[in-house]
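Generate the whole structure from the sequences, applying the supplied hints.
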Amino acid sequence: MSKINVEQLFILLCADVKHLITFEVETQNKGNSFIHFSANKLKDQKKYLIKYSKDAGNANIKDVEELLEYVVIFCHELTHCLNDHSTFQAGSNKEVMAMETHADFQGARIATALYTYGKNLRKILREDFKYADKLKKDKTTFCKLMGRVFTKLYYDFYKDGDTTKYLEPFERVGMNIAGVASFFYRSPQFLQVRGEYVGMHLKMITSLDNEIVEAYQNKSSLKGFQIIDEVVAVHRKIQGNRPKITEIRSPIFEPIFGTNYHKNDKYRLIQKKDMKDEIMEYAKNNNLDFIKDDIFKEK
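For any residue, its number in my numbering is found by taking its place in the sequence shown, counting from 1, and adding 1.
Keep in mind that the hints were calculated from the coordinates and are not lab data.
Note that the coordinates shown come from a computational prediction; the quantities given were computed from them, not determined experimentally.
Using 27 Å as the maximum straight-line C-alpha spacing, the simulated DSSO-like pairs for lysine-lysine come out as follows:
(1) K277 to K204
(2) K145 to K293
(3) K267 to K277
(4) K124 to K4
Simulated restraints, written as ranges between beta carbons of each label pair:
(5) L192 to I271: 14 to 24 Å
(6) N59 to K277: 41 to 51 Å
(7) P252 to H37: 27 to 37 Å
(8) S251 to T142: 20 to 30 Å
(9) E282 to N261: 21 to 31 Å
For glycine and all other residues, C-beta sits at the position ideal for the given N, C-alpha and C.
Laid out in structure tokens, this is it:
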């Protein structure tokens with residue numbers, strides 16, 4: 002068993018975030034005993050807190066899967082901080098769900114960035130868990146690992162979640178996987194071929210527990226597709242007239258941590274077409290006949 006607990010991990014991740022994007026976020030032990038995490042901005046201060054209960058903070062991390070499970074949780078709460086979610090008065094459950102959905106998606110993308118660039122996290126992997134750099138850099142190994150991590154999140158935190166506030170548990174896993182894939186879509190320097198993130202997406206899915214995959218297959222309607230426009234709308238409200246919700250003081254990480262939602266609809270359509278072309282080209286070149294054009298149609 003490693004010597005690091007969740008509280009220590011979160012403190013080190015705060016330091017990684019500060020180093021990468023000069024964003025100040027602190028941790029706070031809430032003291033209550035049930036496992037719980039939350040985040041907020043202190044009123045009238047530029048100070049953000051990621052909070053955890055006493056039992057959660059004191060929990061020793063057993064293995065790499067559990068380590069990355071808590072990294073994803075941290076990054077989910079960090080996304081709430083970066084997007085000022087705690088200062089926004091939601092007018093409906095749908096707006097609350099939109100913010101939580103985005104935290105699942107962008108949080109997984111940010112978790113991948115910390116796995117890739119975070120000095121403290123890389124040191125923990127190397128020294129506490131003896132996780133070899135060769136394994137860490139292999140994309141297939143990473144995808145299989147994240148499939149196990151998201152399966153663990155599903156059973157530990159998602160399965161009994163409030164579906165008036167969150168997507169269905171299996172859809173939350175889908176948002177996590179899409180978030181990881183989006184890191185590589187936005188970081189083409191890590192891809193060997195155009196559209197390789199599609200294959201990575203599929204590898205993560207095939208590494209999930211069967212219960213999660215079967216839940217997808219048996220569901221005729223997915224709320225995740227239906228709420229995408231609401232995600233954009235809510236964050237445009239939060240952003241208001243500002244150029245960004247939060248200034249990311251590092252241009253290289255703007256595509257990963259960025260909070261600008263005012264790109265015009267014409268730009269979004271062009272971006273969507275470019276992504277569609279890239280995905281369909283990868284599917285054709287890799288004989289992925291089950292990937293059809295209709296996945297890009299409005300649901």
